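Number of protein chains: 2
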Amino acid sequence: MWIELCCLLLLCCAGVFGTRQICQSLQPLLISAHLCGKDLCKPKQTPIPEATGVISGCVFLIISFLFIPIQFGNNILNAENFPHNELVELLAALLSICCMLLLGFADDVLNLRWRHKLLLPSVASLPLLVVYYVNFNSTTIIVPLPLREWLGHAVNIGFLYYVYMGMLGVFCTNAINILAGINGLEIGQSLIIGFSILIFNIVELYRETQQTHLFSMYIILPYLATTLGLFQQNWYPAEIFVGDTFCYVSGMTFAVVGILGHFSKTVLLFFIPQIFNFLYSLPQLFHIVPCPRHRMPKYNSSSDKLIASTCKVPKEELGKLGLSIIYVLKSLKLVEYDYREDVITMNNFTLINLVLIYRGPTHEKTLTLTLLYIQILCSVIAFTIRYPLASYFYNTSSVM
Amino acid sequence: MWIELCCLLLLCCAGVFGTRQICQSLQPLLISAHLCGKDLCKPKQTPIPEATGVISGCVFLIISFLFIPIQFGNNILNAENFPHNELVELLAALLSICCMLLLGFADDVLNLRWRHKLLLPSVASLPLLVVYYVNFNSTTIIVPLPLREWLGHAVNIGFLYYVYMGMLGVFCTNAINILAGINGLEIGQSLIIGFSILIFNIVELYRETQQTHLFSMYIILPYLATTLGLFQQNWYPAEIFVGDTFCYVSGMTFAVVGILGHFSKTVLLFFIPQIFNFLYSLPQLFHIVPCPRHRMPKYNSSSDKLIASTCKVPKEELGKLGLSIIYVLKSLKLVEYDYREDVITMNNFTLINLVLIYRGPTHEKTLTLTLLYIQILCSVIAFTIRYPLASYFYNTSSVM
Chain A
1 MWIELCCLLL LCCAGVFGTR QICQSLQPLL ISAHLCGKDL CKPKQTPIPE
51 ATGVISGCVF LIISFLFIPI QFGNNILNAE NFPHNELVEL LAALLSICCM
101 LLLGFADDVL NLRWRHKLLL PSVASLPLLV VYYVNFNSTT IIVPLPLREW
151 LGHAVNIGFL YYVYMGMLGV FCTNAINILA GINGLEIGQS LIIGFSILIF
201 NIVELYRETQ QTHLFSMYII LPYLATTLGL FQQNWYPAEI FVGDTFCYVS
251 GMTFAVVGIL GHFSKTVLLF FIPQIFNFLY SLPQLFHIVP CPRHRMPKYN
301 SSSDKLIAST CKVPKEELGK LGLSIIYVLK SLKLVEYDYR EDVITMNNFT
351 LINLVLIYRG PTHEKTLTLT LLYIQILCSV IAFTIRYPLA SYFYNTSSVM
Chain B
401 MWIELCCLLL LCCAGVFGTR QICQSLQPLL ISAHLCGKDL CKPKQTPIPE
451 ATGVISGCVF LIISFLFIPI QFGNNILNAE NFPHNELVEL LAALLSICCM
501 LLLGFADDVL NLRWRHKLLL PSVASLPLLV VYYVNFNSTT IIVPLPLREW
551 LGHAVNIGFL YYVYMGMLGV FCTNAINILA GINGLEIGQS LIIGFSILIF
601 NIVELYRETQ QTHLFSMYII LPYLATTLGL FQQNWYPAEI FVGDTFCYVS
651 GMTFAVVGIL GHFSKTVLLF FIPQIFNFLY SLPQLFHIVP CPRHRMPKYN
701 SSSDKLIAST CKVPKEELGK LGLSIIYVLK SLKLVEYDYR EDVITMNNFT
751 LINLVLIYRG PTHEKTLTLT LLYIQILCSV IAFTIRYPLA SYFYNTSSVM
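Residue numbers (my numbering), protein chains in the order written: chain A, 1 to 400; chain B, 401 to 800.
These are calculated hints, taken from the structure and not from any lab test. It is possible that some hints are incorrect.
[As the list claims (entries may be wrong)] Result set (DSS-like, lysine-lysine): computed pairs, CA atoms no more than 30 angstroms apart in a straight line:
no. : chain 1 : residue 1 : chain 2 : residue 2
1   : B       : Lys438    : A       : Lys38
2   : B       : Lys730    : B       : Lys698
3   : A       : Lys117    : B       : Lys442
4   : A       : Lys42     : A       : Lys305
Given the structure is predicted, the values throughout are model-derived calculations rather than measurements.
All chains should be modelled from the sequences, with the hints used to inform the complete structure.
Structure representation (structure tokens):
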């Protein structure tokens, strides 16, 4: 195990520098391919290369491929007892990630429609589900202690468990993608989630299920390395944008380790800000409340600070459901609105705008840092739920 | 077997129409993403969507993913004896193809450099080689009868066999890519090679190695279906270009079935025109003889016909090696050149130009048809070598 990990760490070091180097040398190609965007939160609107997540993704795949012979080195020499089931898991994981890399890049280049974005991740996770079925097929959920009186010790939800896992991939990819828009946020949150998973794996490494957590580490480590390679250039003031590609690869990577490592619920615990942002965004995503094309904060060039972006809507266009959602959110202090001459002006429903409402006008870098502190805080909460609190609800330690 | 094949054929039918439909609906997206080119062999230079191979490739992957549960249906119900080794092969195959799809699309969008085009296919075939090592690790070559006196019955070339297989992926992808440039040629040759492999699989299906050839069919059938979906729109006069993406996916698909089906030498027999074109192109690819950016034929708008394109070079710039290559080719009647005022004007070294030299000015559609007839003729020759002739060189029928 230690030799393999050392080799992987060496490959990862090469991955950090390789990603950074390739990213710098490919920037002219990206710009000449019209893969560039303007940073709307900056005084100067110079074109910035986009979709650089495809570079970190490719380096990630290359490291993973090069690591396969090392990972299975001992077993390869003893081909008769080769652990085909482990190789199947790894290949299915890499296949799903590779598909998402392709889809993300296609999305950055072509601006795909929503139906493609929902259909393809579901199909991409199909090999993963087949492998899960073949290798584990455990669709039983351990019931929390307080509910056991009614539901029993465990509930087998069968097919629904596969639907849940298929949805997990779709959710993780899109959840990161909609909590984005300011420099360094996509990479920052992904790094925090990734490191949280890594810490969780290390803690669990000396418990019962070593193999599973080792497997997860072998995927998460190269992911973190290649992401770190992009970090510096994407941090404020960003020289590159990571694009949908990066969000898709990140989400699928987390979903994959969660599914094959049997800790998908723990992974979801690390997604608390993303889940909140997703639920908060739902009224706009489903167009119950009008949704402008961009919901990112508004830049005030005189103060060099960001303020919450708003949308305007005549009251009669809102409908009963829309109005009641706004009133509920208002009573929860989750929306700021202004009602004048039958027109409602309210902030866009994203976590970024909500933070801006509470903090007031904020510099972009400070805003990113605030959101990342929230993400770290949520990871701490997640570990608290996972370890001390879980013992109140479950007898066993390996249920998530 | 028959039920699985029927299901696959149904999926393939959906694939043909799905590819055609998606291709039509995505054309505006491709053009607005600047993924379009001009057809230099036409009087009017309207922009034509490029890289549509990414669509057929994605549909191919979707069909393959959907087919996994069907293919392993019987075994899934009996999870204890699940053939992990077969699933490993399939996933490695799809992973390599997916990587090439990504690389091809990246190449179409970014115009990658040559070193990337050679490096990445080698890495992409690594999982395939690991699986080959684990599942077969047969690196022994049966020696043809006339050579057995010196080399013995079989030679184990060990590591070199893996180098050969790694190179096969690189070769197949690039060989199709450089025999291209006129409407319908990339798709046409790929269809003929694909159908040749399919016929070979059907013939071999009732011999010893049924499983291997069934595996190959499960990959080739969806490939052919999705390629057929693009064919009509790419045929003269082309409404779409398939791009590097298509050539890369095609090449890798053929390499994959050749490697995992143990008939890589037979696959190479179907590549006779591509091998000839590759060898013929070598002096220009290695810049021993000057190589212009485009080597495709020249369009004569007054006659609406194509003639061989040429390159000019002062004699002293050629060097001894260049000059001797030209003299050898001249004596083999493989080059047409003109020597005037110390400047040599010769045709570009591609099969397309060579056909034009022999045929004289030719209409584009007739030229494509001629090249496809050559491809079909070569497939017939390949079968002749594989079946009647091979028995003179080998005792056994399952050596290629």
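* Unsatisfied constraints (hint numbers, rising) -> 3
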